[in-house]
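In order, the protein sequence lines correspond to chains A and B.
Numbered according to our numbering, the first sequence spans residues 425 to 777.
Numbered according to our numbering, the second sequence spans residues -19 to 513.
These are calculated hints, taken from the structure and not from any lab test.
Just so it is clear, CB atoms sit at the ideal spot from N, CA and C, and this is done for glycine as well.
Any given hint could be a false lead.
[Unchecked claim] These stretches of chain B come out as covered by chain A in the derived footprint (C-beta under 8 Å, 3 or more residues):
#: 1; region: 101 to 109
#: 2; region: 179 to 193
#: 3; region: 218 to 229
#: 4; region: 438 to 445
[Unchecked claim] Lysine-lysine pairs mimicking DSS-like chemistry, simulated, CA-CA at most 25 Å apart:
#: 5; chain 1: B; residue 1: K180; chain 2: B; residue 2: K104
#: 6; chain 1: A; residue 1: K601; chain 2: B; residue 2: K395
#: 7; chain 1: A; residue 1: K502; chain 2: A; residue 2: K488
#: 8; chain 1: A; residue 1: K535; chain 2: B; residue 2: K180
#: 9; chain 1: B; residue 1: K56; chain 2: B; residue 2: K104
#: 10; chain 1: B; residue 1: K216; chain 2: B; residue 2: K428
#: 11; chain 1: B; residue 1: K395; chain 2: B; residue 2: K360
#: 12; chain 1: A; residue 1: K488; chain 2: B; residue 2: K395
#: 13; chain 1: B; residue 1: K136; chain 2: B; residue 2: K77
#: 14; chain 1: B; residue 1: K72; chain 2: A; residue 2: K488
#: 15; chain 1: B; residue 1: K163; chain 2: A; residue 2: K535
#: 16; chain 1: A; residue 1: K488; chain 2: B; residue 2: K250
#: 17; chain 1: B; residue 1: K104; chain 2: A; residue 2: K488
#: 18; chain 1: B; residue 1: K104; chain 2: B; residue 2: K163
#: 19; chain 1: B; residue 1: K296; chain 2: B; residue 2: K235
#: 20; chain 1: B; residue 1: K180; chain 2: B; residue 2: K235
#: 21; chain 1: B; residue 1: K180; chain 2: A; residue 2: K488
#: 22; chain 1: B; residue 1: K335; chain 2: B; residue 2: K356
#: 23; chain 1: A; residue 1: K488; chain 2: B; residue 2: K296
#: 24; chain 1: A; residue 1: K601; chain 2: B; residue 2: K250
#: 25; chain 1: B; residue 1: K195; chain 2: A; residue 2: K535
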Amino acid sequence: MTDSSTAQSTAVDFSPYLTIAKKIGGGLMMLVLTFIGLTAITFVIGRIMPNDPVVAIVGDRASKEVYEAMYLQLGLDKPIWQQYLIFLGNILQGDFGNSVMTTRPVIEDIKRFFPATLELATIATIVGIIIGIPAGVLAAVRQGKLIDHIVRIVGLLGHSIPIFWLGMVALLIFYAKLDWVAGPGRIDFFYDGIVDPVTGVILIDSALAGEWDVFHNAVSHIILPASMLAIYSLAYISRMTRSFMLDQLNQEYVLTARVKGLNEGAVIWHHAFRNVLVQLITIIGLTYASLLEGSVLTETVFAWPGIGQYITNSLFNADMNAVIGGTLVVGISFVFINMMSDMLYRIVDPRAK
Amino acid sequence: MKTFSTLKSMSLAALLATSVAFPVMAATPADTFVIARNTADAITLDPAECFEFTGSRIVANLYERLFMFEPDNLTKLVGGIAESYEFAEDGKSITVKLRPGLTFHSGNPVTANDVAYSLSRAVKLDKTPAFIIKQIGWTADNVDSAVTAVDDGTVKIDILADLSPALVLNLLSSSVASIVDMKEVQKHEVDGDMGYAWLKDHSAGSGPYKLKTWKANELVMLDAFSDYRHGEPAMKRVVIRHVAEPSAQRLLLEKGDVDAAMELTSDQLKGLDGNADVAAQQYPKGYLMYLATNMDHPVLSKPEVREALNYIVDYKGMTDTILDGQYKIHQSFWPSGMWAASLDTPYSYNLDKAKALMADAGVEPGTKITIDTLNKSPFKEVAQNVQAALKEVGIDSEIILSDGKTLWPKYRARKHELIVARWGPDYSDPHSNADAFAHNPDNRFEAKLTGKLTWRNAWDASGLTELTNQAAAESDPEKREAIYAELQQKVREDSPFTIMFQAIGTFGQRANVDGFINGVTSDQAYYRTVTKN
Chain A
425 MTDSSTAQST AVDFSPYLTI AKKIGGGLMM LVLTFIGLTA ITFVIGRIMP
475 NDPVVAIVGD RASKEVYEAM YLQLGLDKPI WQQYLIFLGN ILQGDFGNSV
525 MTTRPVIEDI KRFFPATLEL ATIATIVGII IGIPAGVLAA VRQGKLIDHI
575 VRIVGLLGHS IPIFWLGMVA LLIFYAKLDW VAGPGRIDFF YDGIVDPVTG
625 VILIDSALAG EWDVFHNAVS HIILPASMLA IYSLAYISRM TRSFMLDQLN
675 QEYVLTARVK GLNEGAVIWH HAFRNVLVQL ITIIGLTYAS LLEGSVLTET
725 VFAWPGIGQY ITNSLFNADM NAVIGGTLVV GISFVFINMM SDMLYRIVDP
775 RAK
Chain B
-19 MKTFSTLKSM SLAALLATSV AFPVMAATPA DTFVIARNTA DAITLDPAEC
31 FEFTGSRIVA NLYERLFMFE PDNLTKLVGG IAESYEFAED GKSITVKLRP
81 GLTFHSGNPV TANDVAYSLS RAVKLDKTPA FIIKQIGWTA DNVDSAVTAV
131 DDGTVKIDIL ADLSPALVLN LLSSSVASIV DMKEVQKHEV DGDMGYAWLK
181 DHSAGSGPYK LKTWKANELV MLDAFSDYRH GEPAMKRVVI RHVAEPSAQR
231 LLLEKGDVDA AMELTSDQLK GLDGNADVAA QQYPKGYLMY LATNMDHPVL
281 SKPEVREALN YIVDYKGMTD TILDGQYKIH QSFWPSGMWA ASLDTPYSYN
331 LDKAKALMAD AGVEPGTKIT IDTLNKSPFK EVAQNVQAAL KEVGIDSEII
381 LSDGKTLWPK YRARKHELIV ARWGPDYSDP HSNADAFAHN PDNRFEAKLT
431 GKLTWRNAWD ASGLTELTNQ AAAESDPEKR EAIYAELQQK VREDSPFTIM
481 FQAIGTFGQR ANVDGFINGV TSDQAYYRTV TKN
C-alpha cells in the first residue's frame, strides 16, 4: 500500500492538463483563424460598398485637390492586399482609425456603445434564463395541461411578434399611460455625466459610486427594452427547455429512478434536468450572442445608444472605419461566447471530454 | 408538489422583478429646453465644415457672423457682429466696423483679427460649404490679403468677383462665415490644422450658447452664454436628444419629457389635436419639389409639351391629400419666406388644355417615356399622380424608383427623361437658386456643370445666364429684386422645370413653450428666444 501510493504520487499524470491545454490551444487557434476571416470579410465588404469613403470625409462638393489629398491619406492608392495588411496591423494595435461621424477613435466609440448593448443583452438573457428554464421544465412535466399550452403560446408569440411593434406598445402602456417606467433613452439627461464611466455599464458604475438616484433612473430606463429582448430570449429558451426535457423524461433512466422510489423533485432536477442543462448551455450561448449582435430595432425604438444603432448610423453616413470596427467587435464577441459555452459544456458534461 | 410550488414562486418572483413600478420624473426643468430629434446626420460642429441639417441648427446658436438675421425679421439682414458697414465707391470692398465690447465664450474680446482669421480659415480648410464664400473670388492664396484687420474694431473685406453688395452680405451671413475665437482655436491647433480636429466637437464662438457636450447618437447639450450681446437667454440649457423613431418622439412629447419633437409625421401631428398640452407648429422650409425634362429628349424638349406639363400637375389635389401638411403649392424657383420670392401661382390642373398643347406639338398617342424619382414618400406618390395624368393626355410612362445614391448620379449624367426631384438653397440669397435654375454658361456635355440643374437638364437657359449674372452684380436692392422677379417668371414660363411644391416644416411643441422660431434655412433656428410659462 505504502509503496504503491508513493510510486503514484511521484509519477504525476499530466495527461488531463495536456488535454485541457490542447483544448485551450485549439480554441485560441480557432479564435485567431476566425479573427483573420472576419477582418478579411469586413474589410472587403467595407471596400466594395457603393459608398465612397473619401466623400464621406470631405463631402461631395470638395475640390479635386482636397479629395485627392484625402484619397492618399487613406492609402486608397495602394493595392488592396497592402491596404488589408496595414488595416490588420493597425487593428492588432487597437487602432480602428477615426470615425467620421463622432470624430473620435472608433475604439473609443466602441468602448462607449458596446457596454450599453452588453447591459441590455445580459439582463435580457438572465431574465430569459430565470423565467424560461422553469417555464420550459414545467411545461414538459405537465405536458398537454394548461400550463404547457400557455408556455407554448407565449413561446410562439415571443418568437413571431415584431419586437419593434411590441416595443412601441409597451412604451405606450407602461411609460405613457401607467407611468411605471421611464421612456426612451438610457438615462434622463439631468443625470448624464454625474457618474464617471468605469465599466461603461451605468447600473454597475452608479452602484459603485453610490449614486442611487442615478442607479434608480437607469433601472427605470432599462426595464422596458430589456424586457422586450427578454421576451425573445425566454421564448426561445423555454421552447428548447421543454423539448429537451420531454426527451429526457421519456428515457429509461427516468423510469428506473421513479421505480426506485425517488421523489419526483429529485427525478426532475437531479437526473433529467442535469442532462438538459448541458444542451441548454449551447442554446443560452447562442441567444446571448444573437442579442449582442446588436438589436437595432429595439435600440432604435428605445433611443438606446448601443452598438446596433452605432453600426447602422455609421452605414448611413458611409463611416466605414466605424462599420468595420463595430462589426468586428460584435463578430469577435460572438466567437468568444461560442467558445466559452463550448468549454462550459465540456466542464458540465464529463462525457464530452 | 413541492417542485411545482418552487417553480411557481420562482416564476412569480422573476415576473415581479421585471415589473416593479418606478415612479418617473416628468416635465423638464423650467430653465431647460429639451428637443427630441434624429441627430444621426450630425458629423461635425465646426462652422467651416458643417453642412448638415442638425449641425447647422446647432452651429447657428453657438456662433455669430458679421451679418445675421434677427428672429423678429427673417428676411432682413440686420444683426451680427458688424455694427455698421460701408461699401467702397467701386463696390469692390467693404469696411466693416465691429460692435464694441463683444466677447467670446472664453472671455476673449471679439476683434477684427478674429474675423480675418475665421474667413481665411474657412477658405483654407476648403471643406464642403467653403464654395459659398469662395464665390467672392477668394482662394487659399489671396484670402489673407483680401480680408484684413485695419484696427481692432475694423475689418476691410475685398470683393474679388463681380457680385452685388447684397449678395456679398448674404454670403457673409452663411454658416461657413461664422466668427471663431482665434486665440482659443489656435490653442488647440495640432500640426497646423487650424483647430480642425478640436473644433469638430468643441465650440469657440460668441453666440447665445456654448457647447457643453456632444455625444454622437445620444445628445447635444448647450449652456447659455451669460455675456451674450442680447443678454443671457432665458433657457439656461438646451438639450437635443437623439431619438430616431418618430413614435417615440411623440410619446416623449406627450409625457412632457421633451419640450419639442422635430420629426413627427403628419398623422402623428393630427393625433395630437385633442391634447391641450401639446400643439403642432409649422414653418416654411426651403425645399422645392419640381418636375424636370431632359432637353435632349426629342418629345419632352418641345415647348408645347413643356407647357403642357404645367397643366397636368394636380397641385391642389395633391396638397389636399398625399402631401397634406408636408408641402404647399409653390411655382417659382425661390422659396417663399425669403427676400425676393415670387408668390405667383398661375398654373392649375387642366387636362383639356394639356391635351390641346400635346396635339399642337404633334405628340403621337402612346408615346413612351420614363419618370425617375426617389424611392420614398411622397416622391413616388407624386410620380404616380403625374403618370396617371400623362396617360390621360396620351403619354405612357414608366416610373423608375431609386435611392439617392443611384438617382442623383444618373441625373448628373443627364441620363433621365422626366424626373421628380427636389432642391434646397445653400444660403439666404436668391442667387443660390438662380444659379441652379437659370444659369448655364456652357451647355456642352463635356462642361460637366453638374451643380446646375440647367446643365443637368441640357437646357442652355435661353438668355437667362446673363440676366442671372446681372442680378448677382446689381447693387441697387430694388432693381435687383425686380430682376429676380423677372427671372422667376421666365423660368416658370419657358424652362424644363415645372416647380410644384415647397416643403413645410412641422414639429410638435409643449403648450407652455413660447418663442421657438424656425426659419426657411437650417441656420434660422433660434433657441435664445424660447421661454416657458
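Discussion item. Need the status of pair K163/B, K535/A: alpha-carbon distance at most 25 Å?
Written reply: Violated, at roughly 33 Å.
Discussion item. Run the distance test for K488/A versus K395/B: straight-line Cα separation, threshold 25 Å.
Written reply: holds, 24 Å
Practice prompt. Mind taking a look at whether chain A covers the region 101 to 109 of chain B? Criterion is 3 or more residues with CB to CB distance under 8 Å.
Written response: Contact hint for the region 101 to 109 of chain B vs chain A: holds, 4 residues under 8 Å.
Practice prompt. Confirm or reject the coverage of the region 438 to 445 of chain B by chain A under the rule of 3 or more residues with a beta carbon closer than 8 Å to the chain's beta carbons.
Written response: violated (count 0)
Practice prompt. Between the region 179 to 193 of chain B and chain A, see if three or more residues pass the 8 Å beta-carbon test, and mark the coverage as holds or violated.
Written response: Since 3 is at least three, the answer is holds.
Worksheet item: Count the residues of the region 218 to 229 of chain B with a beta-carbon closer than 8 Å to any beta-carbon of chain A: does the count reach three?
Response: holds (count 8)
Discussion item. Can you confirm whether the C-alpha distance between K601/A and K395/B stays at or below 25 Å?
Written reply: violated, 53 Å
Worksheet item: Given the proposed pairing of K180/B with K488/A, does the C-alpha separation stay at or below 25 Å?
Response: It holds: about 23 Å lies between the C-alpha atoms, which stays within 25 Å.
Fill in: Pairwise hint evaluation, K250/B against K601/A, where the allowed Cα distance is 25 Å at most
holds, 19 Å
Discussion item. Please verify whether K535/A and K180/B have alpha carbons no more than 25 Å apart.
Written reply: holds, 20 Å
Practice prompt. With a cut-off of 25 Å on the C-alpha distance, tell me whether K56/B and K104/B pass.
Written response: Not satisfied, since the Cα-Cα distance of roughly 29 Å exceeds 25 Å.
Item to complete: Compare the distance between the alpha carbons of K136/B and K77/B with 25 Å, and conclude whether the hinted pair is satisfied.
Response: holds, 9 Å
Consistency with the previously given hints fails for numbers 4, 6, 9, 10, 14, 15, 16, 19, 20, 22, 23, ordered from lowest to highest.
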